[in-house]
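Order-wise, the sequence lines are chains X and E.
Here our numbering is used: the first residue of the first sequence is 1, the next is one more, and so on.
Here our numbering is used: the first residue of the second sequence is 1, the next is one more, and so on.
It should be emphasised that the hints constitute simulated quantities derived from the structure, not laboratory data.
All residues carry an ideal CB built from backbone N, CA and C; glycine is no exception.
Worth double-checking, as some hints may not be accurate.
[Stated by the list, open to error] Where chain E lies over chain X, by a calculated footprint (3+ residues, C-beta under 8 Å): (1) 14 to 23; (2) 143 to 152; (3) 164 to 175; (4) 251 to 262.
[Unchecked claim] Far from chain E by the CB rule (all over 12 Å, computed), these chain X residues: (5) Arg139; (6) Leu161; (7) Ser284; (8) Arg290; (9) Asp326.
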Amino acid sequence: MWHGRGKTAIAGIGYSEITRRPQKPLGLLAVDACRAAIADAGLEPERIDGLATYPESPFAGAGNRDGEDVVSVAFILNHLGLASDVRWYAQIETGMIASPVIESVNALLAGACDYVLVWRALHRPAPRGSAGVGRGAPRAAGDAQFIAPYGAASIVQTHALAWQRYMYRYGATREALAALALNSRRNANLNPRAFFYSTPMTREDYFNARPIAEPLCLFDCDVPVDGCVALIITTAERARDLRNPPAYLAGYGQNTARRRTLLYYTLDDYMACGGSLARKLWSSAGLGPRDMDAAQLYDGFNPSTLYWLEAAGFCGAGEGADFVRDGRIALAGELPINTFGGSLSEGRMHGMGHIAEAVRQVTDRAERRQIAGASAVCAIDGSPMLRGSGIVVTRDP
Amino acid sequence: MSDDATKSHKPVPAPDDLSRPFWDAARAHRLAVQRCAACGYYNHPPRNFCDACLGRELAFTPLSGRGAIYTFTVMHQRDVAGFEADAPFINIVVELAEQPLLLMVANLPIGERDRVRVGAPVEVWFEERGDGVVVPQFRIV
């Protein structure tokens, strides 16, 4: 077991509005979320002495204007009115949002800072009909020269191709994805921050949805939104003096699997990368999948949740489609999944919604979605093959 | 594909020093990818070192052009550059006979949507897109 287990904690959560029609630039939404997280923890901005984010915009050809398309450490330093001399920061390029959380935990354990603000801001650029190759003359260079001339450069196609292979290998059907999407929507209907809070979905709605990249349909894709979610992380000792009960950080894991450079990431890459992350997650926390009272599993595209269930050992390879049936993953089930609605129904906050909900569940702050007495919950980020990082939070240190 | 070759807006491959032999071979209606002299691993996309052993001696080697459909998708979203008017269209990933997971991407005509399946055997053909652009494609055999 890891020596840092239970020595740091997440002590505050802040949300901006999550919207498809933003009334303000992304940077101001980020300021809203960061201020909300600091207030939620019961801190003053001057106490924040560490900053961490994963700022990447996930769209090919998206802009990189600070405060418009992305929100960097520099933007928050310039505009939030923090400590006059912030002691530590990290701006992470890989691993998605759990990775800056992990770096923050390491910095706190090293004594590099005392209170870290972590945020993830995401902007939905206007559709521009150029997935994978940018604007202007359509010349495809680099690895795209072997993909874009065939119209296969969009991320949704990558996921559709892997899911098709999964269906072939294991005999799964779209029923499995329907079960996941409907579960997420029911949970989102109990989450006032969710984009689909007021919009129920029936089984018919799912199966009648327009296809995007077969076998994936509209409701297998997360909701592109503008918004920001922020967290406050501090040492366990300091957290106990703050306003909320601490969500102790029990362990973490990152994907370090080896893989060949292929034109497409294959289903085997998803599983190998997910397994690599999960082994470290469970061994550092000294806990396993059966100890989890809920699992917040990344769902940028719906099949990823199924891969995570298998890769993290909640069920065996190829058993995910059976596992998600018959209410097992519902709030009242054996393993509630994406209890806040997931990215599919809360909105695309790139794993931050998953972490925030894990924190809420182990601190009795999950409103009508609360799982009574939840003591350990994992939040795992990323499509397993692309990147990925995850944490376990617990009620007790 | 059925496009009028002279009117294609599909992205055009931009050969570089590494990939030029691949596209030159395609223009001669041959399929060739890099193979490592040291370990025999086929590398695609091409690179300056072997992905399996870091060997520096890589030579473009002809392939049989035969393989099987590893996976496929029918794309409906009209946001793929140059393919806006083609949706829905089929993408297949072909696993070539020479090596497990030696993958290439191609299209099938939309008329093949009832016939496309994982594991279907395919062979290469070469699509002329005008202005000297030739892209390898695969068809079900």
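Indices of hints not satisfied (ascending): Numbers 1, 5, 6 - these are the hints that the structure violates, sorted from lowest upward.
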